[in-house]
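Heads up, the final residue of the sequence shown is numbered 361 in UniProt numbering, and it's a clean run with no missing numbers.
I should point out that these hints are in silico values taken from the structure, not numbers from a laboratory.
It is possible that some hints are incorrect.
Straight-line alpha carbon distances no greater than 25 angstroms define the calculated SDA-like cross-link-like pairs of lysine to any residue that follow [stated by the list, open to error]:
1) 218 to 56
2) 64 to 75
3) 57 to 72
4) 218 to 188
5) 223 to 107
6) 223 to 146
7) 218 to 358
8) 223 to 233
9) 223 to 187
10) 64 to 74
11) 223 to 108
12) 218 to 316
13) 311 to 273
14) 218 to 114
15) 218 to 113
16) 311 to 272
17) 218 to 191
18) 223 to 270
19) 218 to 311
20) 223 to 110
21) 223 to 122
22) 218 to 229
23) 223 to 267
24) 218 to 118
25) 99 to 148
26) 218 to 64
27) 311 to 233
28) 223 to 265
29) 218 to 189
30) 99 to 225
31) 311 to 239
Beta-carbon label-pair distances, calculated as ranges [said to hold, decoys possible]:
32) 336 to 148: 53 to 59 angstroms
33) 214 to 336: 58 to 64 angstroms
34) 109 to 89: 26 to 32 angstroms
35) 349 to 252: 27 to 33 angstroms
36) 280 to 148: 36 to 42 angstroms
37) 96 to 335: 46 to 52 angstroms
38) 215 to 148: 18 to 24 angstroms
39) 108 to 335: 43 to 49 angstroms
40) 232 to 104: 17 to 23 angstroms
For clarity, every value in this text was computed on a predicted model and none was experimentally measured.
Yeah, the Cβ is synthetic: ideal placement off N, Cα and C, and Gly gets one too.
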Amino acid sequence: MMRTYLSYLIVFVVGITSGALPFLLFSSEPAEGPTMIAYNAADRPPGEGAGEETLAKLQEAAAKSGQSCEETLALTQKSLASAIQERDALREHNDELAKLIDRTSPEVPMAFPAELDEAFRPENFEQMVDQLMQECPDVFPPETTVNCSEYPCAMEFPLEHEGDPQQAWRFDYRAACPAINTLFGHARQQPMVNTVGDQTRVQYLVHGTGIGLDQHLKERHQKLQNRIQQRWHAERQAMFRDLHEDACLTEGNPEACRELANAHWNSTEAREIYNQSACDADDADACNSLAWERCYGAGQCDATAETIARKAVDLAPENGNIIHTLGVVLCQRGQAQAAARTWESACNIGHDLSCTEICSP
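Generate coordinates for the entire structure from the input sequences, incorporating the hints supplied.
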């Protein structure tokens with residue numbers, strides 16, 4: 001019996017030592033081992049473990065540089081602060097440039113100032129014009145329209161001048177329509193008059209009132225004047241198109257094309273179209289202008305420019321200015337001797353500028 005108890009004691013001690021006792025006590029069947037899963041970094045959700053990777057890289061960089069993590073952190077914080085400061089400076093610079101463009105660029109339409117009184121904003125300005133048309137139909141006929149495409153709003157209307165274009169410029173609108181003073185008060189008013197043929201149209205601009213408006217406009221004075229001039233020229237060009245475009249493009253009338261080209265002096269593309277149409281209709285001046293602008297203006301002294309210049313000379317062989325243009329084209333195309341002979345012929349018929357021209361290689 002003693003031997004039996006001793007055997008049990010030996011088994012118990014061995015079981016504890018080997019960790020097998022729980023299985024001996026509670027289960028007679030073998031336990032399942034843990035499931036093995038292969039690790040794949042591509043299966044990791046986005047962002048998971050990114051902090052650990054960054055930390056590892058920083059620790060590696062710190063180890064290579066001989067710096068502690070605290071020193072590396074201080075340098076990183078300093079770099080971050082510098083980057084934030086640079087970003088803020090760039091943002092401020094960008095804002096200043098945007099404000100400068102708003103105050104000066106003639107290509108950007110004038111926005112309605114925040115300082116402008118409500119009465120002179122687009123939604124209310126049209127109502128005032130309607131009232132003017134009712135009270136002064138002789139000055140503001142039914143054809144009167146409102147243009148609030150940008151600041152300032154304008155009334156646009158035809159004006160009878162009885163054959164004297166200067167009368168339109170001297171016309172006293174306030175005296176002819178006292179309601180202007182009632183509605184617009186002391187607001188600055190600026191009539192712009194276009195006369196083309198027998199037609200006269202007025203752009204009557206009203207700058208309005210408002211606290212701080214004068215200072216706002218003072219800072220944008222040059223841009224405002226440039227935009228007003230652009231609107232005035234656009235109206236003038238529209239009048240010329242109404243009067244001459246059919247005659248130019250449909251009938252091939254060179255005089256009408258020249259008028260249109262001159263009216264579009266500030267639009268290279270439109271001016272070229274109208275000059276080309278006039279040149280096609282054998283107008284020497286139009287051909288000369290086309291060749292000069294192509295060569296000297298646009299820097300395209302190619303074979304086309306030479307062909308056009310020669311056509312102009314063929315159409316007006318006694319015109320020294322036209323012959324001079326051909327000389328310029330030839331010189332720019334590297335034909336120095338031909339240019340010299342051309343200028344000499346222009347000089348011989350009294351074109352003084354050609355007498356002193358020299359074509360340098």
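Run the structure past the numbered hints and jot down the numbers of the failing ones, going up. 1, 7, 12, 19, 26, 27, 31
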